[in-house]
Amino acid sequence: MQDYRFIKRLIFSIITFWALDIHAQKAKDFYVTAGWMYLAPQSNSSTLRMTQMGSTPMDQEVPHTAVRLGKSNTLGFSGGYFFTDHWAVELTAGIPPKFDIKGWDALAPLNKIAETTAWTPILQVKYRQPIIPKLSASLSAGFTYCWFTSSKVTNDQLNIMLGGPTDLKIDGAFRPAFSTGLTYALTDRWFVGGNFSVIPLKVKATLTTQNQTTNQEDKYKINVDLNPIMTYATIGYVFKKRKK
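Count along the sequence shown from 1, then add 842; that gives the number in our numbering.
Any given hint could turn out to be false.
Said to hold, decoys possible - FRET-style restraints, in silico, Cβ to Cβ: (1) Asp927 to Thr1048: 47 to 53 Å; (2) Val967 to Arg891: 36 to 42 Å; (3) Lys940 to Arg891: 44 to 50 Å; (4) Thr898 to Leu933: 17 to 23 Å; (5) Pro905 to Gln1058: 38 to 44 Å; (6) Lys940 to Thr1055: 48 to 54 Å; (7) Tyr987 to Ala950: 28 to 34 Å; (8) Ala983 to Thr889: 30 to 36 Å.
What the hints assert, rightly or not - Each computed DSS-like pair below joins lysine-lysine, with the alpha-carbon atoms no more than 25 Å apart: (9) Lys994 to Lys1082; (10) Lys1046 to Lys940; (11) Lys1061 to Lys1044; (12) Lys1046 to Lys976; (13) Lys994 to Lys940; (14) Lys940 to Lys1011; (15) Lys1063 to Lys1044; (16) Lys913 to Lys954; (17) Lys870 to Lys976; (18) Lys1011 to Lys1046; (19) Lys940 to Lys1063; (20) Lys994 to Lys1083; (21) Lys1011 to Lys1061; (22) Lys968 to Lys954.
Just so you know, these hints were derived from the structure itself, not from any lab.
No residue lacks a Cβ here, since even glycine has one placed at the ideal position from N, Cα and C.
Let the sequences and hints guide you as you build the complete structure.
Next comes the structure, spelled out in structure tokens:
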């Protein structure tokens, strides 16, 4: 009787293990996703420093000046390829979101002082593991090259404070990226999922002011820790490998 129960449990365990992976992606499967990205920078910055007055280099702190970045939403996309049943390579990108740059500390009364558009494609290696039928968890690690376009000062009061019309440039940077997520199989091809990503990102911004009093260029620099947290809700489709 005990042997019979053992056999029943063994068969049940085998069936359960097989069911865990019945709807999961397999080696040589390609998949695509689309969904909504919510980006929340955990930003902090140094104080603004004047590095050039006209043709004279300098390094002078502008006390009690700092910035923060606002949050943003955008439409995201990803594509991946499973080279084993558990390991995949994945590229995630989206329509470049626009971020408001807000004054902080003594600049806080100015509220929004500038804006920029961020490009943050992420290339990662993903490990996926089924945990219950149709539901899988994943861990990913990789890198991103983040760069910024359409950066500009939007606050006239800041221009007046700095002495004239001011241009903004934000340097790009290579940084690591880490993600975790869940996917749930609706069918053998369609699935929904959610991902949570973090990027330890630090950038340098340069402000160039056309000083209206001296008719020369003044330059300011500020270091900004962005450290964005990205939440990505998706729906996806799997292109299954052809059976021979």
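Mind listing which of the numbered hints don't hold for this structure, in increasing order? 3, 4, 5, 6, 9, 12, 20 and 22
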